[in-house]
Structure formats: C-alpha cells, structure tokens
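S.K.: Going line by line, the protein sequences match chains A and B. The opening residue of the first sequence carries number 0 in numbering that gives the first Met the number 0; numbering runs sequentially from there. The opening residue of the second sequence carries number 0 in numbering that gives the first Met the number 0; numbering runs sequentially from there.
Read the hints as simulated data drawn from the structure, not as lab findings. Just so you know, even glycine gets a beta-carbon here, dropped at the ideal spot from N, CA and C. Warning: the hint list may mix true and false statements.
Unchecked claim - Per the computed footprint, the stretches of chain A lying under chain B, defined by three or more beta-carbons under 8 Å from a beta-carbon of chain B, are:
| hint | stretch |
| --- | --- |
| 1 | 54 to 66 |
| 2 | 85 to 91 |
Claimed, not checked - Calculated Cβ distances over 12 Å to all of chain A for the following chain B residues:
| hint | residue |
| --- | --- |
| 3 | Lys1 |
| 4 | His59 |
| 5 | Asn75 |
| 6 | Leu188 |
| 7 | Trp196 |
| 8 | Lys224 |
| 9 | Ile290 |
| 10 | Lys340 |
| 11 | Thr401 |
| 12 | Phe407 |
| 13 | Glu408 |
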Amino acid sequence: MDNFLVRDLMVPISEYATVVVGTSLIDAVKALEQAQETFTMSKYHHLAILVLDERGQVVGKISQLLALKAIEPEVTLKFEIERLREFNFSDAYLAQLRDLYRSHGKIMSKDSLRQASVKKVEEFMQTPSPGEFVSETSSLDTAIHRLVTGTHLSLLVTRGEKIVGILRMPDVFAAVFHKMTALEKAP
Amino acid sequence: MKELEKLFNRIVQRVNINLRELNFDISPFADQLVPPDQMSKFYAFYGITTDHPLDLHFEHSALAGSYFLGKCRVRNSLLYKSDIRGDELKRKDHTFTFNNFTLTLTRDEIIDIEDSALVKTLVHNYSHDPETHEKFFIKNTLAMDYANIHGAPSDGCFLGPFATVDLTTMRDCIIGAYSYIQAGEIYHLKVDPGTIWVNSPGNFNFFYKYLPEDLERYVYLSPDKVPWGILIDFIEERKNQFQRVFDFVNLKAIKSVPETASLDRYAVIMPNIKIADNVLISQRAYLENSILGKGANAQENCFIINSCLEGYNVTAHGAKIVESDLGANVFVGFNSFLHGKKGSRLQIGQDCIIMPHTIIDIDQPLEIPAGHLVWGLVRNMEDLLTNSMSLEELNSVESSFTKGRLHFEGKGALLVKAFQDRIHHILLANGAFYEKGKNAGHAQRNQKLSLNTIQPFQFGEKEGMYPNIRIFP
C-alpha cells in the first residue's frame, strides 16, 4: 500500500459519467444515473459529472452541489447581492437579503424545475483550477495533500496532456483508513 | 496635429492609465465628446466680487464657454461649458475638523484642475478630503455632460453623463451615467449607471439602482453613440434660449426681482416669472412661467417650468421641475427629473425630500404627502408606494430594511437628520433666511458680481487653446 500510486485508485474516464458541452442539466443527471448503474468497481457512487469539449478534453465538472445551485432561481438577484458587498453592506444584511429572495423564489415548483432542467451544463459547471490536477504516477501523499489543501471532492488524473481518470475522495479515504485499521490490528 | 488635439489625446491616455485595473477604455466615449471647432467658438468668463478672493491661473488649457469664480488653477486641461465655482472654498485660518483631528488652514483653498477634460460639468463646494484640505484637486479625470463634481476631489476617474459625486474623494473610479455617489472615499470602484449610493459608515447606507431598461429611456451611453435619452432631449430643446444670453454682452435687467434676491445674468428667464425675497437663481438655470416663493433657490443647470415653489425650496444642481407644485421646504436633489404634464400635475407636500437623481415621470396626477422621502423611478401611485417612505417611519428604522430596489442599513433617523441639516445649511448659505441685514448669503452677495471674458486663439496651431494667464487683484 505504501507504494500505491494515483493510477491504482483512480476511476478511468471511460467508466465515469461524462457529457459534452451543450448538454442540458436533465440529460447530464440522466448520464450520471446511467454511469452509477454500470459502475461496480467501488461501493461508492459517482458524485460528479465531467464536461468534455468537442475534442474530448475535460473543460468542467458538475457536482451535486453545483446542480442544486443551478436550480436556485433569481440568478440576477444573487449577483446583485454579491455586488452589494462592494458598497459596504454588512454580511448580516446580505444573509438577510438572501433569505428574503429565497422566500420569494420557490425552487420546488413545476415552473422553476422545468426552467432549470433545460439549462446548459456550461452555464453552471466548475472549470478545473490548477490545483485540481494530479499525475497518474504521483504518490498518494501528493494526492491527499491536493485534496485537503484545495478542499476538492475529486482530482483529475493526467497522463501527459491528457486526462485519463478521476481520483475520488471516497476511494482515497477508504484506502487511507483501511491501512490505518490494518496497522491497529498488527502486532 | 494641432495643440488642442494633442492635449485631448494626452488627457485620454492619462485617464486610461489610471483605469487600467478596471479594464476600462474611455477612448470610445471621448471620441465625439467635444468637436474641436467648438472650442474656439465660445469665450470663457470669470466673476469679480469683493466677497471671494480672486486668483485664476490658466496654463496650456482650452476653456471654451466655461465660468470661473474664486481661486482656481487649470493646467493641461480641456474645459467645455463647465462651471468652476470657487465661492464655497475654505479660507485661510478656517478650522477643519475630521474625526478627532483639528487643523487650521495656512492658506486659502484652491480648485486645482490638471490633465482633465470636463464637459458641461459643475465643480462646486470645497474639498472634503481630510488629507488635502487646502487643495480641491481634479486630475486625470474625464467628466461627461452635466456631471457634478461637488466637494469631491478626483484622481484618475471617469464620470458618465449626469453623474454626480458629492462630498467624496474618488481615485481610479468609473461612475456610470446618472449615478449619484456620496460615500466619503472610494477607490478602484466601478459604479453601474443609475446607482444611487449614500453611505455614512457606521451611521447609514442607502443604495438604489435603476433597472437598466428603465434608465436607458432617460439617459443612455454606449461606446458607439453620443449620450441620448429623454434628459438629453429635454435640454437640447431649450439650447437656443441659452445661446441668446451668452451671445449678448449686456442684457436688459429684469425689474421685478426683489432687492434681496439674485438673478444671475446667465440664467434664462422666460415670460411669467414671479420671484420673492431671498430667492437665488444661479447661472445656466432656466425658468419659465413659474413662481419661486421666499428663500427658494434654483441652482446651476436647473429647469423650473410651469411650476410653483412655495418657499424655502432647494432645487439642487441640475434638477428639473415641470408642471409641479411644491410645498414649503421641499428639497429636490441633484439631477432629479420631476416631470408632471398638463392635466397630470405633480404635487409634493411640504418638508418632502426628493433624493438626488430621482425620476418622477407621470401621466396621471400624483400627490406626494407631506414629510416623505422619495427615491428612484416613480411613474404612478404604485411606484410611489414602493419608492417612498414617511420621514416618521424612516426615523423609526433601527437596523435595516429592503423596499423594492432600495437597500438600507443603519439608523433611518441619522439619514433624515443628515439631509435636514444639509438642506438647512444650503438655505443658509444661499441667503434664504436673510432679514434686515442679517444672514446674508449667495442671493445677496452675488448681486455685487461683475464679469469679465477671456478669448481663445482663433487661428494657427493653438486655435481653441487659451493663452497662459494669471489673474489676481
């Protein structure tokens, strides 16, 4: 286990949920469901969807949290709240304002769900940041450090310029604590 | 390339360097701002009075149609039909208090304009910058049509048309069209068009922003067009009347003006005007078929048409009042547009405060009850209910509220007091309370003002530029 490399724990991209730019939110969620059904390598389900461009390169990632954020209505108002910070309004006032706007815009209504379901993935995906990549030949130490410092739920695994897989936090977590438990039992 | 063009290009570059962090290029807005042939068409002029110390210093600048009063230095700048009013500058030995600091001025304050272009802009009041109390600086700045720089030193800023910055030091900022900012100090801030922001840190914070689609009917600015909209059209339609007062050296005096009132020689006075005691009518104000009661004032670039102001009314710089009846002590803030119509008059009860940059544009009669604060866009009773609040209710606000597009945080009573104190100060400074030789202000003092003109080069490389001149007693 001490010699584990990232590639030993990663999920190959071919087995992961991927969609192309231009896919709607609802189709992306369907792709995730389908990937979860066919994936049996680990007891942990996929929690994210990768977004690929027309050349097959990963250009973004959608987590469940981002998908939920996407169905929150009043995007413009949310933007305005953030701008108010520049005009010296307190955090307490901004929090109060968010609650006020939320109470106006119902999420679980037919209209807002229908509206959200046709949103394109590129409107709400997260573009990978530089600290979110790890080489397939990196040690697990390096991967753990990147997950922790960047508070990422997964890392994109590279082979040269190409993204070949995804390293998920639950798999790393399981590996680390499996080793810890084994040590406890050892004489 | 002529000197004037070189000067303007240099100013544009300097402003752009300051705004590089905000990724803003003023060049498209500057391109058609002032046609060079206009710069040699108009004379500049200055006031001489015993009440304000005179020291004017012009160097390598173009000053077409601009007016100067008091102490002012202009270097490497282009001023077009702008008013640089130094009648409220601080004087030597004045004591300036800021927080726990007290400083005494060692010399008279001066307005110092450098490397800037001001178009139809009003500069007034005194520097509120605690670090430069003897210099009201404006540098590396471009201000577009009908902007107000009011007690607001500026370095590296762009002000869109009808923008007002009031009692605020600004550095490297973009102030969008028809925005009003009063916030003490601002840095590297981009303010969207139609933002009304009044912030007194620790006391109150008032913020309203027009919907872009609502504002663009009134003022619109885009990189590929000159500014347009109802407010621009409104002024353009009356442009010829101003031409008349600027073309003649001596105009016939209007006899019906009381001795205690002041009517500026460069104001436009159309038929049927009644002016009571202690009224102040500033230059570039436009009055038509209206009554101004005792102590009322109409400041620079104001329009008062078919209206009645009962008395002690402040009509701040650039405000427009049409087909309206205002009770006593009504304050109409900077650049507000009160647009009643025949058969749809606007009535405003006494002691109301119309916030700066408010637009009331109605097609049905509308009555605003006494003692209310009004802001933003009001087109009907429904808008009024959203965009107004009684001063009594506002006085009771202890922490915050949200109403329509208004955000307010702080104590409402402090906002009300700040405005009421300021209104009283303006009336006092303007001489509204003058009685038997006491409480004289601008209305009484401006009567002892004479004017001189200065001319630009008419030919050659320096066409449109003014000779370097120092004018002092």
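S.K.: Indicate, hint by hint, whether the structure satisfies it.
M.R.: Each hint, compared with the structure:
{"no.": "1", "hint": "54 to 66", "in the structure": "violated (count 0)"}
{"no.": "2", "hint": "85 to 91", "in the structure": "holds (count 5)"}
{"no.": "3", "hint": "Lys1", "in the structure": "holds, 41 Å"}
{"no.": "4", "hint": "His59", "in the structure": "holds, 37 Å"}
{"no.": "5", "hint": "Asn75", "in the structure": "holds, 32 Å"}
{"no.": "6", "hint": "Leu188", "in the structure": "violated, 7 Å"}
{"no.": "7", "hint": "Trp196", "in the structure": "violated, 6 Å"}
{"no.": "8", "hint": "Lys224", "in the structure": "holds, 25 Å"}
{"no.": "9", "hint": "Ile290", "in the structure": "holds, 40 Å"}
{"no.": "10", "hint": "Lys340", "in the structure": "holds, 33 Å"}
{"no.": "11", "hint": "Thr401", "in the structure": "violated, 6 Å"}
{"no.": "12", "hint": "Phe407", "in the structure": "violated, 9 Å"}
{"no.": "13", "hint": "Glu408", "in the structure": "violated, 5 Å"}
Violated hints, in rising order: 1, 6, 7, 11, 12, 13; the structure is consistent with all others.
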